[in-house]
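Build the full structure now, drawing on both the sequences and the hints.
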Amino acid sequence: MQRLMEVYHKLLDDFGPQDWWPAETAFEVIVGAILTQQTAWKNVEKSIENLKGAGLMSLDALAQADTGQIASLTAPCGFPRTKPLRLKAMASYIRDNYGDVDSFLEKPGDSLREELLTLDGIGPETADSILCYASDKLYFVVDAYTRRIGNRSGLFDLDEYDEIQFHFQRIIPKDLKTYREFHALMVQLGKNHCRRKPECASCPLGDMCEHAGRSHGD
DNA sequence: ACCCAGGTGGCCC
DNA sequence: GGGCCACATGGG
1 MQRLMEVYHK
11 LLDDFGPQDW
21 WPAETAFEVI
31 VGAILTQQTA
41 WKNVEKSIEN
51 LKGAGLMSLD
61 ALAQADTGQI
71 ASLTAPCGFP
81 RTKPLRLKAM
91 ASYIRDNYGD
101 VDSFLEKPGD
111 SLREELLTLD
121 GIGPETADSI
131 LCYASDKLYF
141 VVDAYTRRIG
151 NRSGLFDLDE
161 YDEIQFHFQR
171 IIPKDLKTYR
181 EFHALMVQLG
191 KNHCRRKPEC
201 ASCPLGDMCE
211 HAGRSHGD
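Numbering-wise (the working numbering), the first sequence opens with residue 1 and increments by one.
The hints are simulated quantities; they were obtained by calculation from the structure and are not laboratory data. Heads up, a few of these hints could be off.
If you anchor each label on the Cβ, the simulated ranges turn out as follows [stated by the list, open to error]: (1) A144 / E6: 31 to 37 Å; (2) R3 / S72: 46 to 52 Å; (3) Q38 / R170: 40 to 46 Å; (4) D110 / E24: 23 to 29 Å.
No experiment lies behind these values; they were computed from the predicted model shown. Glycine included, C-beta positions come from ideal geometry on N, C-alpha and C.
The following block contains the structure:
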């Protein structure tokens, strides 16, 4: 059903283009994708600035860095016993096996995705974020907002990651701009969604909102 | 004093 | 294969 694209255009009208992913380099996308897991983006921004300030926002520097130093620089993102190790391991893996980030990201999408998923701390959403935003591949990113809002609003009735991804990829235009914008807009919607407010008269979903016709917030 | 954040991995059955 | 759970900091 094309309701999905109605939602897309409505969100685009209401929120405007998001122009994701906010990063200067492909490597920064990868680092940010790991850091943002279960973490507010504001905290990721601080950590990324810290890493840059310490000269660690590069493949070689991060691969050689002390995990204790990475931990203190990325402290705002929490998870000090997992994320620093995962960042260093990711950088070491790419450096040792490909030499540079571009060589790694040039791989065909399916094999790159498969390889990303073998890395510690990279699950389906992080892998697809890297594919879509760093490697310019058509993989739709399914985050918790998309799953929850989509199911509760009746847009679809799916719970598995791959199913939801296929659903989007079957319907939306096959271009990077739409893939990126739609995902970013769903996150923007999630942040502003009714659940956070006593009422939501201006909910972009309108009649499609899970709370339409009722009082919001419950 | 809760609840949540642009998830993932490790258990247990 | 599915259902919980810990992980941790910063902001509402």
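Compare the structure with the hints numbered earlier in the document and write down the numbers of the violated ones, lowest to highest. Those not satisfied are hints 1 and 3.
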